[in-house]
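Letter by letter, the chains look like this.
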Amino acid sequence: MEDTFIQLPLQIDPTSKAISASTSYESKPLSAELAALNTLHRSLLNLDTPIPPPPLPVNPKRSAQIQKLRESGNASFRKGNYPEAIRMYTFGIEMAVGRPGWEPSALVRDEVSALYANRAQAHMAMQNWPQAMIDAESSVEMKRVGNTKGWWRKGRCLVEMGRLEEAMVWVGKALDVEEDAELKALAKEIEKAVKKNENV
Amino acid sequence: MFNWIGLLMPITYIGVLVGSLATFSSLYRKRKAAKAASLAPWFGPHVPRNVYLSLLHLEPAPGQKSPAVPDSVLRAALLRRATEDIHRVLAIRSAKGALGVLVQRGSVGDDLWQRFQRAEQEIEDELRDVVIEANAFSPGWGATIFQTANEIASNAIIRKRVDDIQAQAKSETEWWEKKRATIQSEFMKELNSEGSSEGPAPSPAPQKTPVAAPIATTTVQGGSDEDTVFVEGGGPAAAGAKGSAKKKKGKK
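Chains as they are written, first to last, in full-length UniProt numbering: chain L, 1 to 200; chain P, 1 to 252.
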């Protein structure tokens with residue numbers, strides 16, 4: 001393989017500079033690769049420098065915007081305006097996920113995790129348990145350690161939906177990762193509910 | 001002079017011996033090399049690398065000025081290639097320990113180990129090649145291109161995971177709507193069997209089913225005080241009468 005390669009019949013669009021394969025040679029991995037390449041190329045063109053900068057330091061503009069969206073979401077939540085809070089958090093999530101790929105992924109994880117946890121809370125306040133559960137799970141997926149709120153929220157949603165078995169498994173997993181009084185209380189509550197169901 | 005004729009026998013003997021040994025050795029080596037070459041490669045085709053090199057060799061269209069492909073596209077293609085390399089390096093690293101143990105125990109054949117070592121060698125050359133290319137585009141990029149590629153790779157993984165989880169939201173919501181409907185109908189049956197004269201007291205979540213909301217209000221207006229309390233307690237959570245006390249606690 002060292003000095004050989006497979007020559008692909010590629011074409012370039014003279015105006016948009018988009019790369020495409022000639023139709024006779026279309027294949028799924030190749031077209032996926034070319035789509036990714038064209039997206040990356042467009043995002044590279046938005047840069048001031050010809051090459052993407054090293055991951056650190058981060059451009060502070062986007063971080064500040066995400067922070068602001070989260071704060072205004074929190075403010076709406078405190079006022080009890082949950083749909084507005086959800087909207088703000090959703091914008092924040094989109095912004096955090098939309099960071100260019102070369103920015104540090106640890107940062108994306110942190111931001112996305114916090115925003116999903118908050119959105120889960122807002123959904124819970126509106127008793128939209130399934131969506132809240134999904135958001136809490138996303139939050140935990142992004143950040144497993146130091147995310148008691150995320151763990152607890154999904155457990156709570158499962159209890160609210162009456163899925164006690166799943167809730168028990170989930171909280172058990174959570175207690176493996178975190179030592180937390182609230183999680184323990186939730187575990188006890190689930191146990192009680194299970195017993196009560198058995199008695200009935 | 002007579003010595004030469006006497007020596008002819010041993011010399012022929014040695015000649016034949018050495019000749020057959022040499023033939024055997026060269027045939028054996030050739031066969032071994034052919035066998036090694038016919039081993040399947042560890043990874044599939046390196047598509048980004050092929051794309052990058054094809055772009056480099058793309059001929060300018062007739063009547064157009066060269067170069068055919070702008071540098072920015074090539075840089076993007078190189079970055080894609082580096083990202084794919086990162087995936088491969090990670091795969092190699094995570095496989096190495098386990099494979100080493102398996103080979104030592106004799107659980108897997110020598111072929112696999114040979115293929116693996118070849119892949120390792122190839123990826124090393126590939127990394128060196130990418131660094132050289134990167135430095136050619138802009139001095140110093142070789143030092144950071146793999147950092148960048150690494151972040152791109154892990155960011156892609158993060159996004160995929162979140163998308164996978166979020167994709168379940170729709171089915172979960174549908175499931176919950178269905179379950180809530182059954183709970184509600186059971187709840188109402190229970191109410192009716194208790195013989196309450198107020199009639200059906202539907203308990204929908206107000207923000208979800210706006211059509212049902214007016215019915216609830218009329219019931220509350222016409223019904224007794226007890227009924228009003230009941231709708232508030234068990235209603236929105238809609239998890240049946242059993243759980244209503246617990247539900248209230250949970251909302252705080």
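No lab work stands behind these hints, which were simulated from the structure alone.
The beta-carbon is built from N, C-alpha and C at its ideal position, and this holds for glycine as well.
Treat the hints with care, since some could be wrong.
Below, a sample of chain L positions facing chain P; criterion: calculated Cβ distance under 8 Å [what the hints assert, rightly or not]:
#	residue
1	30
2	45
3	54
4	58
5	112
6	129
7	130
8	133
9	137
10	142
11	144
12	145
13	164
Margin query: Can you verify the interface hint for residue 145 of chain L: is its Cβ closer than 8 Å to any Cβ in chain P?
Written below: 16 Å, violated
Note to self: Less than 8 Å between beta-carbons is the criterion; does residue 58 of chain L satisfy it with respect to chain P?
What the structure shows: 11 Å, violated
Notebook entry, point to check: Holds or violated: residue 142 of chain L as interface residue toward chain P, Cβ cutoff 8 Å?
Noted result: 7 Å, holds
Check: Per the CB criterion, is residue 137 of chain L less than 8 Å away from chain P?
Finding: 5 Å, holds
Next item on the list: Using 8 Å as the Cβ threshold, decide whether residue 164 of chain L counts as touching chain P.
Entry: 10 Å, violated
Checklist line | Restraint satisfaction for residue 133 of chain L [CB to CB of chain P, less than 8 Å] | finding: Holds, because the Cβ-Cβ distance from residue 133 of chain L to chain P comes to roughly 7 Å (cut-off 8 Å).
Check: Quick one, is the residue 112 of chain L hint okay against chain P at 8 Å, beta carbons?
Finding: At about 7 Å, which falls below the 8 Å cut-off, the nearest Cβ of chain P leaves the hint on residue 112 of chain L intact, so it holds.
Margin query: Checking hints one by one. Is residue 129 of chain L an interface residue toward chain P, by the C-beta closer than 8 Å rule?
Written below: Holds, about 6 Å.
Margin query: Does residue 45 of chain L hold up as a contact with chain P if the rule is Cβ-Cβ below 8 Å?
Written below: Status holds, d = 6 Å.
Note to self: Is the interface hint satisfied for residue 30 of chain L? The criterion is a beta-carbon contact with chain P at less than 8 Å.
What the structure shows: Hint holds; residue 30 of chain L Cβ to chain P Cβ min 6 Å, cut 8 Å.
Check: Minimum Cβ distance from residue 130 of chain L to chain P below 8 Å?
Finding: At 4 Å from the nearest chain P Cβ, residue 130 of chain L passes the 8 Å test, so the hint holds.
Check: Taking the least C-beta to C-beta distance, is residue 54 of chain L closer than 8 Å to chain P?
Finding: Holds - the Cβ of residue 54 of chain L comes within 8 Å of chain P, reaching about 4 Å at its closest.
In this structure, the earlier hints numbered 4, 11, 12, 13 are contradicted, and the remaining ones agree with it.
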